[in-house]
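Asker: Sequence:
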Amino acid sequence: MLAAFLAVSLLVIVTPGPDTALTIRNTLVGGRSSGVFTALGVAAGQAVWALATSAGVAALLVASEPVFDAIRLAGAAYLVLLGLQALRGAFRPSHSRLDARESSRGIAPARALRQGLLSNLGNPKMAVFFTSLLPQFAADGNFASLLLLGLVFCLLTLAW
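Letter by letter, the sequence shown follows residues 0 to 159 in numbering that gives the first Met the number 0.
Since no wrong hints were added, every one of them can be taken at face value.
What follows is a list of derived Cβ distance ranges for each label pair:
| id | residue 1 | residue 2 | range |
| --- | --- | --- | --- |
| 1 | ARG91 | ILE23 | 19 to 25 Å |
| 2 | LEU27 | ALA143 | 38 to 44 Å |
| 3 | GLN135 | PHE90 | 42 to 48 Å |
These are calculated hints, taken from the structure and not from any lab test. Even for Gly, the Cβ is constructed at its ideal location relative to N, Cα and C.
Could you build the full structure based on these sequences and the hints that come with them?
Answerer: Right, dumping it as structure tokens:
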């Protein structure tokens, strides 16, 4: 059962989505450190999903269609905001050396972490994984089993 969980998890993790796009964007804009902090934020979001799944909260969110739709829409709006900020930054001319120095410093670690966290919490792929797929691999479906599998998923994401 663990081998099947690992296989499905790896498939979900390597499938590009909003979290991957954000991590790549932040790495290109702010360097390796920004990418690492973004990935840590994504993993923190997954840990929140794992905890919510273990406690049964995630299933309640999915069962309540208006709440689930609101989470999806908030996640989509956040990604649109990030995209617009990236476009604005790409088309804004950099006239001074100060601007160049600021851009070479990268994205503040707290900002990259927050972006990764919010991106993951609003990612519908994570909602589906943690509410539908993850419980299939917990033999007894208890809190500890679900949480452990969710945290393994987080660690696999960080390794990727």
